Structures are given as structure tokens and as C-alpha cells.
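Based on the provided sequences and hints, a complete structural model is requested.
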Amino acid sequence: MIAPERICDYIAIAPEGARRNQLTDVPSWPATGQVVFDNVSFRYKPNDPLVLKNVSFNVQGGEKLRRVAS
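Using the UniProt record's numbering, you'd call the opening residue of the sequence shown number 1 and step up by one each time.
Just so you know, these hints were derived from the structure itself, not from any lab. Keep in mind the model is a prediction, meaning the values are calculated, not measured. There's no promise every hint is true.
To be verified - Listed next, with one range per pair, are the computed distances between beta-carbon atoms:
#, residue 1, residue 2, range
1, GLU5, PHE57, 49 to 59 angstroms
2, THR24, PRO4, 34 to 44 angstroms
3, VAL36, ILE11, 15 to 25 angstroms
4, ASN54, PRO15, 15 to 25 angstroms
5, VAL26, SER56, 21 to 31 angstroms
6, PRO15, LEU50, 18 to 28 angstroms
7, VAL59, ALA18, 22 to 32 angstroms
8, ASP38, VAL68, 14 to 24 angstroms
9, PRO27, GLN60, 13 to 23 angstroms
10, ARG43, ARG66, 33 to 43 angstroms
The beta carbon of each residue, even a glycine, is placed where N, CA and C say it ideally should be.
Okay, structure coming up:
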């Protein structure tokens with residue numbers, strides 16, 4: 001009868017607050033400089049397939065970048 005007890009415990013857990021999906025500005029966010037990825041390829045282990053292949057982009061000071069994975 002462990003499973004029903006665990007279900008009851010799970011139901012009794014208080015809900016967490018709403019998640020914030022909006023980005024907020026950080027006062028110390030750098031306004032100058034840049035980050036440059038130039039032809040970057042990446043794999044997790046030496047024999048694994050590439051998960052990034054020849055990726056290039058620039059992020060200028062003051063810009064923000066969000067990575068979205070599927």
C-alpha cells in the first residue's frame with residue numbers, strides 16, 4: 001500500500017508560486033564589449049556526434065541572448 005500513500009503525500013504538497021517568464025534588466029549588465037562564436041563545433045564525448053557544427057554568432061554589449069532547446 002505504499003503507492004496510495006505516496007499519491008496522498010503528493011496531493012498534499014503546497015503549490016509553488018507562479019513562474020516568471022519575463023526577463024528583467026540587471027543594473028550591472030555590461031553595455032560594452034562583445035562575445036564572438038566563430039565556427040564553433042562541439043560534442044560531449046570524443047566519439048559522439050557533433051551537437052553544434054560550425055556555429056557562428058556575435059553578441060554585442062547590451063544585447064541579451066536566450067538559448068532555446070528542444
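Hint by hint, here is what the structure shows:
Taking 49 to 59 angstroms as the suggested C-beta distance range, the pair GLU5 and PHE57 conforms, at roughly 51 angstroms. At about 43 angstroms, the beta-carbon gap between THR24 and PRO4 stays in the expected band of 34 to 44 angstroms. In this structure the hint that VAL36 and ILE11 lie 15 to 25 angstroms apart at CB is violated, the actual value being about 51 angstroms. Between ASN54 and PRO15, the C-beta spacing of about 44 angstroms breaks the proposed range 15 to 25 angstroms.
Range check, VAL26 to SER56: about 26 angstroms between beta-carbon atoms, so the 21 to 31 angstroms window is met. As the Cβ distance of PRO15 to LEU50 is approximately 41 angstroms, the hint placing it in 18 to 28 angstroms is violated. Separation of VAL59 from ALA18 is about 29 angstroms and conforms to the stated range, judged on CB atoms against 22 to 32 angstroms. At roughly 22 angstroms, the beta-carbon separation of ASP38 and VAL68 lies within the given 14 to 24 angstroms, and the hint holds.
For PRO27 and GLN60, the Cβ-Cβ distance of about 19 angstroms falls inside the hinted range of 13 to 23 angstroms, so the restraint holds. Roughly 23 angstroms separates the CB atoms of ARG43 and ARG66, a value that falls outside the hinted 33 to 43 angstroms.
Checked against the numbered hints given earlier, this structure breaks hints 3, 4, 6, 10; the rest are met.
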